[in-house]
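Each chain is listed here by its residues.
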Amino acid sequence: MSDDEHTYEESLMGEEEETALEIAALQSKDLLPQPKKEFAYHREALSALRGEISQGKLSWIQRCDITSTTPVVVDKAEDDLDRELKFYQQGIEAVILAKQKIQKAGAPFSRPDDYFAEMVKSDTHMAKIRQRLLSQQKGIQNSEEAKKQRELRKYGKQIQQEKLKEREDRKKAALDKIATIKKRLRSGDMGDNDGFEIDVDSEDDAHTQSASGKRGKDNRHVPGKKRQLKNDKFGFGGKKRGMKRNTAESTDDMSTFNVKRNKSAGFGGSSKKSKVTRPGKARRQRGR
Amino acid sequence: MATLYKTAQSEFMDVDDVIEEKESRNKIKNRVLMVASRGITFRQRHLLNDLEALLPHTKKEAKIESKQDMELLNELAEIQNCNSVFYFEARKHQDLFMWISRAPSGPSVKFLVQNIHTMDELKMTGNCLKGSRPVLSFDATFDSEPYLQLLKEMLTQTFGVPKGARKSKPFFDHVFTFSVVDNRIWFRNYQISEKNAETGGDVPKNTTPTLIEIGPRFVLNPIRIFEGSFGGPTLYENPRYISPNAVRAAVRAQGSAKYVRRVAEAQEREARVQAEPLPVDPLKDVFD
Numbered sequence: 000m001s002d003d004e005h006t007y008e009e010s011l012m013g014e015e016e017e018t019a020l021e022i023a024a025l026q027s028k029d030l031l032p033q034p035k036k037e038f039a040y041h042r043e044a045l046s047a048l049r050g051e052i053s054q055g056k057l058s059w060i061q062r063c064d065i066t067s068t069t070p071v072v073v074d075k076a077e078d079d080l081d082r083e084l085k086f087y088q089q090g091i092e093a094v095i096l097a098k099q100k101i102q103k104a105g106a107p108f109s110r111p112d113d114y115f116a117e118m119v120k121s122d123t124h125m126a127k128i129r130q131r132l133l134s135q136q137k138g139i140q141n142s143e144e145a146k147k148q149r150e151l152r153k154y155g156k157q158i159q160q161e162k163l164k165e166r167e168d169r170k171k172a173a174l175d176k177i178a179t180i181k182k183r184l185r186s187g188d189m190g191d192n193d194g195f196e197i198d199v200d201s202e203d204d205a206h207t208q209s210a211s212g213k214r215g216k217d218n219r220h221v222p223g224k225k226r227q228l229k230n231d232k233f234g235f236g237g238k239k240r241g242m243k244r245n246t247a248e249s250t251d252d253m254s255t256f257n258v259k260r261n262k263s264a265g266f267g268g269s270s271k272k273s274k275v276t277r278p279g280k281a282r283r284q285r286g287r
Numbered sequence: 000m001a002t003l004y005k006t007a008q009s010e011f012m013d014v015d016d017v018i019e020e021k022e023s024r025n026k027i028k029n030r031v032l033m034v035a036s037r038g039i040t041f042r043q044r045h046l047l048n049d050l051e052a053l054l055p056h057t058k059k060e061a062k063i064e065s066k067q068d069m070e071l072l073n074e075l076a077e078i079q080n081c082n083s084v085f086y087f088e089a090r091k092h093q094d095l096f097m098w099i100s101r102a103p104s105g106p107s108v109k110f111l112v113q114n115i116h117t118m119d120e121l122k123m124t125g126n127c128l129k130g131s132r133p134v135l136s137f138d139a140t141f142d143s144e145p146y147l148q149l150l151k152e153m154l155t156q157t158f159g160v161p162k163g164a165r166k167s168k169p170f171f172d173h174v175f176t177f178s179v180v181d182n183r184i185w186f187r188n189y190q191i192s193e194k195n196a197e198t199g200g201d202v203p204k205n206t207t208p209t210l211i212e213i214g215p216r217f218v219l220n221p222i223r224i225f226e227g228s229f230g231g232p233t234l235y236e237n238p239r240y241i242s243p244n245a246v247r248a249a250v251r252a253q254g255s256a257k258y259v260r261r262v263a264e265a266q267e268r269e270a271r272v273q274a275e276p277l278p279v280d281p282l283k284d285v286f287d
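Chains as they are written, first to last, in numbering that gives the first Met the number 0: chain A, 0 to 287; chain B, 0 to 287.
In case anyone wonders, no lab produced these hints; they're calculated from the structure.
The structure displayed is predicted, hence computed values, not measured ones.
Keep in mind that a hint or two might mislead.
Straight-line alpha carbon distances no greater than 27 Å define the calculated DSS-like cross-link-like pairs of lysine-lysine that follow [unchecked claim]:
#1 K103/A to K283/B
#2 K129/B to K28/B
#3 K204/B to K127/A
#4 K162/B to K103/A
#5 K91/B to K129/B
#6 K168/B to K58/B
#7 K56/A to K28/B
#8 K147/A to K127/A
#9 K166/B to K56/A
#10 K100/A to K122/B
#11 K162/B to K204/B
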């Protein structure tokens with residue numbers, strides 16, 4: 000071996016470190032595992048050996064090796080995506096170069112469509128792979144559909160609320176209109192009486208009196224608009240007492256009643272239906 | 000007369016024919032013996048099977064019993080007419096070491112095989128003809144160091160399927176990529192797809208092909224390069240290699256650090272108590 004044969008270790012660590020290691024080793028004797036000091040690296044021998052075994056005189060088509068133009072540099076080997084991308088790039092570069100070289104050498108590159116032969120992975124295995132891909136795709140589709148449905152439902156709720164509000168508004172507006180017409184009628188302004196107003200009025204209190212002869216309790220003092228608004232604002236809006244009590248109306252309100260729920264086990268209904276029913280009296284006596 | 004005819008014929012031979020004849024004479028007869036040791040796990044065995052399926056020029060032998068007598072492998076290679084050996088040495092039913100050796104005169108390399116993924120995994124969707132020749136793609140880093148150059152040559156000779164090998168198909172539909180990342184050699188196998196990925200239909204010529212991974216995947220961590228076949232002087236030793244045993248021991252040591260600390264604390268306390276005994280109480284015997 001020649002002079003420039005040196006150990007890898009020497010290039011890695013400085014003299015100071017080496018002496019420090021030696022001192023530590025002397026002190027600890029053989030209690031501690033001693034760091035390995037020499038790593039063999041015979042560059043010349045390796046190069047010579049490579050020349051010896053190389054089959055370089057053979058044509059390229061026998062070897063089919065391609066070396067990438069740029070070295071693969073991956074910052075973090077743990078970063079799967081980056082690493083695999085670099086490998087892919089290396090592969091695709093090699094394929095493009097190799098295809099040119101192979102075609103230049105006159106050898107076939109791609110398999111003709113009518114050439115069937117055994118594959119590395121069996122048909123059953125490939126079917127499994129396809130199945131997995133399909134189920135994966137389906138899963139994605141399903142989740143997307145569900146997401147869309149959720150969004151739609153949210154949106155639908157909004158629409159429903161808007162519709163309800165609109166209906167209420169319309170009702171309110173209609174009631175307001177009726178109230179104003181009534182007011183006008185009551186104040187005795189009969190000058191511009193048209194058919195509509197008569198209609199409303201007759202509908203409203205048809206059973207009491209005729210429109211012209213309105214007197215009595217309906218004719219009591221009504222506060223002005225400003226007063227009414229102030230009353231609403233400062234709490235003079237009628238009686239507050241007993242508002243939470245049941246009334247005949249609320250007692251009769253069965254809109255929230257649900258037969259199904261009422262008969263469920265938790266609400267005092269029988270948990271299971273009795274299958275054997277008691278026969279009628281006549282039948283029972285006949286059976287005696 | 001026959002000799003005359005022969006010489007006459009050779010004079011009229013085309014240049015191409017001459018080259019072809021020369022090539023056929025110089026044909027590589029690379030054959031690889033593939034052997035595993037006893038105690039190989041199922042995943043490692045599947046990796047072996049995958050490599051056997053991908054490399055038609057390999058000859059698989061039965062598992063060998065002894066891990067010491069590796070001279071036997073050279074003899075086996077000679078019997079099987081192989082000039083290279085893949086020896087998969089399993090240790091402790093978990094670690095896999097791979098030897099690549101040129102029998103019978105060397106050199107040989109020992110690798111630690113890490114991150115094994117076999118072709119059976121459903122994530123790898125590519126497929127290729129059984130016995131088709133691969134394009135070998137090497138990272139440019141392989142040319143930077145003498146030991147990597149030697150490894151590149153050895154990998155080319157063992158993983159490259161020689162032209163016209165028995166059971167091989169003449170087409171190129173997959174590419175092996177070897178990349179050096181993190182001082183290890185990463186192996187990937189991709190299918191070269193020249194069809195439309197979505198429809199499976201034909202694409203116009205001269206469009207770049209796409210790669211689909213076939214598998215297997217593994218990482219080779221070089222440990223040593225020997226001059227002989229399975230022995231001889233060490234030419235290269237990886238200074239960054241840490242044996243899996245050492246890694247496991249370190250992990251265990253880390254786990255046991257808590258226990259070690261508690262034992263040390265207990266001992267310290269005992270010593271302290273003994274060093275400073277409690278003073279005798281003068282009123283101890285007052286009521287006796």
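Hints broken by the structure, by number, lowest first?
1, 3, 5, 8, 10
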